[in-house]
Every structure is written in C-alpha cells, then in structure tokens.
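This is what each chain is made of:
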Amino acid sequence: MQPVATTFFFYLLSGLAVFSGVLVITRRNPVHSALSLIVTLLALAGLYLMLYAPFVAGVQIILYAGGIMVLFLFVIMLVSIERAQKEETFSKLWLVGIVAAVALGGLFLGMFEKGQAMFPEHVLKLPEESNTQQIAVLLYGNYMFAFEIASLLLLVAIIGAVVMAKKRI
Amino acid sequence: MPDTTKYLSHLELGEPDQTFLDTNELIINMGPQHPATHGVLRVILKLDGEKVLGTECVIGYLHRGVEKIAENRTYAMFNPYVDRMDYVAAVSNGLGYCEAVEKLLNIQAPPRANYIRVILTELNRLASHMLWLGTHALDIGAITPLFYTFRDREEILKIFEKYCGARLTTHAFRIGGCLYETYEGFEQDVTKFLKFVTPKIGEYEELLTTNRIWVERTRGVGAISAKDCIALGVTGPVLRASGVKWDLRKAQPYANYAEFDFEIPTGKHGDTYDRYMVRMQEMRQSLRIIEQAVGKIPEGPIMAKVPKVIKPAVGEIYHSIEAPKGELGYFIVSDGSTQPYRVRVRPPSFVNLQALDLMVRGQLVADVIAVIGTLDIVLGEVDR
Amino acid sequence: MPWHSPLVERLQQQYGSGIEASTYLGQNYMVADRSLVPELLQVLRDQERFDYCVDITAVHYPEREKAFDLLWILYSHRHNERIRVKIMIADGESVPSAVSIWPTANWLEREVYDMFGIRFEGHPDLKRILLPDGWKGHPLRKDYGIIQQDNEWVQINLGIESGQ
Amino acid sequence: MLNYITSYLSSKSTPGQAGNMLWAFIYILLIFGGLSVAVIAMNWLERKILAHMQVRLGPMRVGPHGLLQPIADAIKLLIKEDIMPAEADKFVFWVAPLIVVITAFVVFIVVPFGPTHAVTDMNIGILFMLGVSSLSVLGVVMAGWASNSHYPLMGALRSSAQMVSYEIAMGLAVVSAILMTSLNSTGTGTLSMIGIVQAQQAQHTWFVFKFFPLGLIAFVVFAIAMVAETNRAPFDLPEAESELTAGFHTEYSGFRWSLFFLAEYSAMIAVSSIAVTLWLGGWLRPFPTWLSGDTWDFVFSLVPGVTFLFLAVLCFRSTVRMPKHPYFRVQTMGLAAFGGLLALIAIALFIPSVRDRIQDIYWFSAKVAGFMYLYIWYRGTFPRYRFDQLMKVGWKVLLPTGLGVLVLTAVWGVF
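Protein sequences, first through last, are from chains A, B, C and D.
Take my numbering: the last position of the first sequence gets the number 169, and nothing is skipped along the way.
Take my numbering: the last position of the second sequence gets the number 553, and nothing is skipped along the way.
Take my numbering: the last position of the third sequence gets the number 717, and nothing is skipped along the way.
Take my numbering: the last position of the fourth sequence gets the number 1132, and nothing is skipped along the way.
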C-alpha cells in the first residue's frame, strides 16, 4: 500500500503533538491538561503509524491513552478543582526550567548537527506485516533478559502498591 | 448507661479520614426525585468514595395532616382517609381503624364480618408483599419480577373491585363490620386465585432465591440484630427476619386470627436476604390463612348493632394490628362528641425508616438502595 | 377503673402516690407525675422489661392548666403486655428526652415537637421532621385551624400566595 | 461503470488493501448506514423481546406492532431541547459524546463481514479494535466529569474503574485466541481480523471448540468481560438507574443523549463482532466439516433467503391477524408492505450471484444477532452486581482464569 500525503500528515501530527503538549503545561484546570496529554499521546501514536510501526501505535493507544490516562483522570477528578485552580501554574523554579529547556534543546540540536552522518539517508523499510513479529523476536529473543528484568521490576512495584494501600485498611 | 450514639444519624458525626490522601467526602442528595426512593423520600448521604459514612432522611414531602383532619371529621367520615396512608395496604389500615373505634365503642364485629375481614386483609398483605417484591427486585436491577408481581397483584385487585368497587383505596370495612355482603361467587374467585397464585410465588422464587447475583447483593447487606430492632422499635418482617418471632396476629390476636393455624416465618441474620425470605414465606402463610378462612365463612349478619351517630364515651384507646409493614397502631381519644378528639396513627413505615441509618452505615451506595427497598416503606404512611 | 397488678404495686411502693394506675376497656395505663420522668421510664425498661417503645404522642387540652398529655405507649416482648404512661405538662414546659432509653424515641419525639411544640431536653437533634424547618406554628394544637398555614413561609419558599 | 462495479465485486481483497479509495468510502457509508439501521432495529427488538419476557406487549401504537417506534423516538430526541448545565465544563461536555460515538463507529473499519467485506484489513486489526474501543471510556469519564454533578461523577468513576479492569481480562482471553492462530506450518500468528478467521478456516475448527475446553473458557471469559465493557446488565453500574439515576449521562438530553445511546448499541455490536471473529468463525457457515460438499454448500447458501422469507411470513401472518377495524387499516397495510419488502429481499437473496456474495455477511450478522439476543436476555434475567462484587468478579475470577487459559493454551500449542 502506497502512503498518501506523508509530509502533510507528519506536520499535522507533530504540530498537534507540540500544540497539545504546550496546552498540557499551560491549562489551569488539571482535567483539561490531562485531556491535552491524551491528544499528544494519540498524535504520537499516529507518528508511530507513519514509521511503519503499527503494533507500537496500537499499544500506545491501549496502554497510554486507554489505560494510564484514564487512571490519571480518575485521580484528578477526585481532586477539588477549585483549590488546584488557585495555585500558581508555574512554580518558582521557572529559572531552572528555562536552563533545563535550553540545555535539552542544545543537546537535540547538537545531535541533529553532529549525528546526521550516523543515520543513513533512507531507513530500511520493513514490511508492515512483519513489524509485530519483529518486535516479538527482539523482545523475547535478543533482549529477553532486559525484558524479564523490567517485568520483575513492575511486579515489585505492583506488590509495593498493594502493600501500601493495604496498610490503610 | 449503654452507648446509644450508634442509633443516631451519622451525617454530622465522625471525623473525615485524613490519614492518606486528602480526599473530600461526598455529600449526595438522594431524592426526593429519585427512581429508587419509592416516592418522595430524600436521603442525604455522606460518602467516602462509595462507602456510606452516614445518612439523614428528610421526610414530610407527602405530609397531609391526616391526624389533624381526623379531629375535624366524624368517626365514620374519617374511615376512608386511613386508606390514603399506606395506599398499597389500604384494607389493613381500614381494619385497624375500624377495630380501634369498635373497641372504643365496646362492640364486636359479627363472626361473618370477621371472616370477610381476614380474607380481604390477607389478600391485601399478599398484594402489598407482591408490590414490595417487584419494586425491591427492580431496585437491585432485576426488572422482570416487577411485571410478574403486578400481573398477579392484578387478580387481587380484581377481587377487591368486585367486592367493593374500588381497587386501591378500598374503604372495604365500616365501623361495626362490613358494609357489603360478599358478592355471588366470591368464595370461588378466592379459591381460584389461591390455585392461580401458589405456583406463581414459586416462579418469583425461581428467578431470585438461588440467583447468585441476587444472593450476593442481598446476603449480609443491611444486617440488623434483634436487639437493635427492638431498640429502634422496628416491627413487621424486618423484626422477624432478625429472628424475633413476634407477630401481633399471634401475640395479641385481633379479628379472628386466633382461629387460624399459621406459622410466623423468621430469619436468622436480619439481612436483606432474610427479609426477602421472610416475606416470601409470609405470602405462603397468608395463602394458608385465606384457604382456611374461605372454606368456613359462617352465615349471619355482617354488621354489629352500631348507633346511627357514633358517640363513644370519654376515654382513650390504643389498638394495633399487624399490617404488612409492621405494627400499625391507632391511638384514639374521645371527648364524648361525634368527632374524635385526637387520632394518633403509629405508622410502621415511619418507625422502620429510622433504622435505615444504622443499617446502611459502612456499606456501599448500592446497598442503600437495597435497604430502602427491603424496609418496604410507603411514603404516604411515613409522612401521613 | 383502678388497675391492680404486681407491676403497679412495685411501682407504687417505689414512687408512692406519684403514680395512678387505671384500666379502661381492658387497656392499662398509668398517669405519672411529671417529676418521675425519665426515672420511671428507665425503671420500666430495665426492671419491668418494657423493651419496646411503641409510640410517643401527645394530646392538647387548651382549656386545662396543664395543657398537654404526653404519652408513652410501651410493650414488653417478654410479658406480651402493653401499657401506656401518661404525664401532664403545661405549655412551654419541657420534658426529658427518652432517646437514651429507647433510641426509637428519636423520631417520635421530633414528631411530637413538630406537631405540638413540646421540647425534649437532651434530644440529640430536636428539629422539625414532617414540616419544613422554618415553619411557624404547631398544627396539632387545638388552636391551630385546619386550613391555617404559615403564609409567610409559603410566600417565601414557594412564591405563591397560598398553598391551598 | 457497471464493469467497474462487477470487476470490484469479483476481486479478492478488501478495498483498503487494494488501495481503492472510492470503494473504501462506499463501504464506510454502507457500514455507517447499516449500523444505524441495526441500532434502530436493535432498539425495537430489545423493547419487544424484553416486553414478551415480561408478560407485556411493548410498543404497539406507532406503526404496526410499534415498528415505527424507534423512528418516532429518534425524531423526539432530535427536536428535544438541548440542555447544557450552567455549571458544566462546556467544551468537555460538548466533546464527550462525540468521542464516545466516534470510537464506537471507527472500530467497524476492521470488522470482517466477509473475506472481502471489510473497509480494510489492518495487520493489527484486533489490537486496533481493542485500542479504539478502550478510548470510549475517556468519553464516558469526560461526560461524567464535565456535567459537574455528583451522580454523573460517580457513574464516571465506576465506569472508568470497571472498563479498565475488564479490559485486562478481555485482553488475556483475546491473546489466547490469537495464540491459536499461530498453530500452522510457518508458526506465525496474526492480529488481522480477516487473518484470524482464515486461520480458523484453515484449521477446520472454530476457536471456541479448539483445545476443548480451553477455547470455550477463553470465550466465556471474553463473553462476560464484553458485557461489562459495554456497561450492560448485569454490569450496568455506571448507569444503574436505581442508584445513580442515569449515571454518567444523567445531565445529557436530546441529541447528545441519543449519541450515547447510539454509541452504546454500536459498541455492543462491535464487541460481539470481536467475539464472533475470534471464536465463532466470523463469516464461516456452521458445520463446515461435518456437512461439507457442494450440496450442503448450496443448502446453507439458501439460509439467508429462507430467513427473510420466514420473517416475511411472520409479517403476513400478523397482517391477517390484525383487527378488522377501520382504525387499523393503515397499520394493516403498512405491515403488509413491510412483509412485502422482506419477501422482496428474500427473493433477491435467492439470486445465485447475490447469494454467493451475501452469505458471508449473513452468517456474520446472524452470529452477532445471537449475541444481541443474549444481551437482552441477560437484562431480563439478572439483578445488578454491586461495585465491589463486580471488581471481585473481574480481578479474582476472570483475570486468573484468563491468565490460566493463556498459559495452558501456550503449553498445549507447543506440545
């Protein structure tokens, strides 16, 4: 299948992601921030699709937009909005923030300039069909150990959460 | 002195839990317009998430001042008003009032009238329990039993209609007996109804009694101990479900209940499931009473010798009967005139509703619905 | 007609002439002194096992000096016996609350307060129960007309001239 | 033009795969229209079937046997005043029903009504369906929160917790079915909806019967989880009317409310489609191995037409039994016309070329319709779960069962 209007979609999606990303940090209402974050995540899923990684895009939607963000909203909805709105949006650390942003931006630019040679002009296009299998082979083959370590870590986190919550009861 | 604070409404009592995240308690207004409050009951709920910390009932939306009206009507004129209190068990209300005035006049209804009274009252108990079952099941989410019970209740209402021309607020009895003789084929109709309804009760039970979801939703929900029941003055099936074998029909028989053989079903745990089972068995016992009564209605007059103008001597009387919802009492003060000086109605629903707070505290919102349903309140009687 | 029973004898031994027990049409009641409440009620529940308070109500006699009869209708599950305890109080006089004796008195006393304006001391939450909170007047008093209403309340809260 | 159509009809791939934008567009329109009709029909059927379960008649007044009732309702909803609470968060309140309805409809672009009857055949089809339908909970949460009212908020909290929990059990059941697709010579499975059905075809069994009883258990887990996922009885707590009045859409009315309604029913159809695709052989006809051969193929290809003929006969029978009063003349004629329409469809379905083309769609829809009937049946039978019990069923029963079935399926598949 031939991609259609690739550039258009790329700029549309990345613009959407950046725009909603800005909204996330500027909205006073936390629920609006969370909703903007969901839009960002969905735009990223679209970008993954354009990179011929449909599986990653699907997982992004299910896990981040459908799962994690719902839990986020779940908590935010219970917080009293009035109080959250009275608090200042940007904390006093804005100077540190700017420094960090500039540093990060510089890093990105440096990478872009210096590293251009490292990337080939044309990325090898994997057939879309085998993407899922590729991921499976990588996860359960080459990086099996790292994968298991990560899952173990998550298990510990889950148990920790249960223990902490249990204390209250 | 025992600690009685547990019986008080906990809406304002208790400190918010601030050990963990600073979560706000939610105050929810359930009613007066809410699908599951059986009329215009308003319950203010204090919630922690879904857990109920306390409730307060706001009642009086249907207050019509029945007791005040009574003071301005003659004894006979007030009779139809009592039907409007517990409008799903109007016959029971009428029986209680008529018997109370008869007691005040020191007269006895003739035996034939008593038989008719018992049959109609027990039919009414069935109708009331059927209505309760339908709405209670509907509250818990089973929508089908409602239609089944209404279908069968219809047959009872048809008998009422044939007997006295009214279906709901029947005004079936008069002071001193019954006004209407039984119509042609009354006994056959009742016998036919008994045959018709016996398998139907099994049908309701089939839908609910062993239904896993029903059992899970009702067992252990809104449990109340016998001690608490008595302390809170709770009567009727709610008290019996807590294991107290107390029924005014047996304890202090009125009409001619002493002549009939029936049992008082009781529960063990006093939870919603037991109350459900007690009412189901009560329906069967009612059928038993009707069956015994319908076979041997004696011949004779249906009206005692009552003066044209009812003027009881100065005095007070308290008479109570076992209405479908509990002890329904009438306290009548006579000053020797044609109008009662004071009529006090002891409404079972009103007193039973007081137990709501104790029953739902610590349970979930969904249980509040189940418990309101299981208390079987009629707001017309709560507010009068 | 006077009422004789071991129960009455025991009580009269304790309280003397403060209690006058009678029976009418087979129903027993006693008229007690205002000062014996709540002690008498406590005794009735704890020693005589009247564990179930059926009802609390009042009757208004405007022409009498002590304008109110206040009644407790009691029942004993153990003895299957029902009695009424009656005291007479004047308008404006308050009565100790029975909530700590029978928790069921909570709403019943609120209703008496609502309808007659009799105040109960020590009631945890004495406010109107059937009528709206801001209502003026107590409808079951004899001097309260049958079509009377709190016009002011109706105007403010319902925005109409009359609720009738 | 005609050639173009016929050439397309004989092609062996979905319009999305062929890159045929025009046909993809036509398919989208067809699915959207068909879905709307299905929701309307479902509305009428639910009321009728439920009514007959409950010894009553259901809608009888608008049109013969209330056939026009859903249309009357739709018109009523559209012209109703659109109320937005003063304290509501306007934008979120406005966008929530859109999200719910869009997600409910978008999933249908991968639903395989037949080997070629799908808008497109994504190679992550099932993942796409689960992902997009998991987004609908966002709309529910937004609706509940934006209403700025207690009952909707509680409904939203309940439904978000419920949908997120049951998604896990649902996912595990789905994975065990996907695992079964890899049991072929190459050993690679597929996530494509069409691929899954083709795998069942190749293995000559529906996955519900595969590795008996593992497939069946996974199917049951999914069937329970999907009821919870769509907030239907006995898991309809987010909109439990006796507790929360109407749950998250308490404050919605008119057109916005009808969007929620539309979304609920199309979500029901969507999850049923997943179940049908994964376990019940999608568009495959029943008994492909026992009753094989050309004769049986022919017999089964007649079933769609026979079904419609049967419905038409039912209609005509009711026409004859309509009261003979002049008041009912229009209704009687309407019913007869409806029966005639059904008969015409039946005759059209007997035409060989149509017959061959349509029977995939028929079998798929028939299986989905079976699920729809189950939904109604549940609603007529079960009381409602309480919230903690619902969570208990989800986490303590369905999740371990799904996990166990997944592991066992893997073990069985390897050995």
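To be clear, the hints were calculated from the coordinates, so they are not data collected in a lab.
One should not assume that every hint holds.
Covered, in the sense of this in silico footprint (three residues per stretch, anywhere, with C-beta under 8 angstroms from a C-beta of chain B), are these stretches of chain D [claimed, not checked]: (1) 941-953; (2) 1005-1011; (3) 1094-1100; (4) 1103-1113.
Since we're looking at a predicted model, the values are computed, not measured.
In this text, a Cβ means the ideal position worked out from N, Cα and C, and glycines have one as well.
Here's how the hints hold up against the structure:
1. 941-953: Per the Cβ count (3), the hint holds.
2. 1005-1011: Contact hint for the segment 1005-1011 of chain D vs chain B: violated, 0 residues under 8 angstroms.
3. 1094-1100: holds (count 5)
4. 1103-1113: holds (count 4)
Hint 2 alone, counting from the list given before, is not met by this structure.
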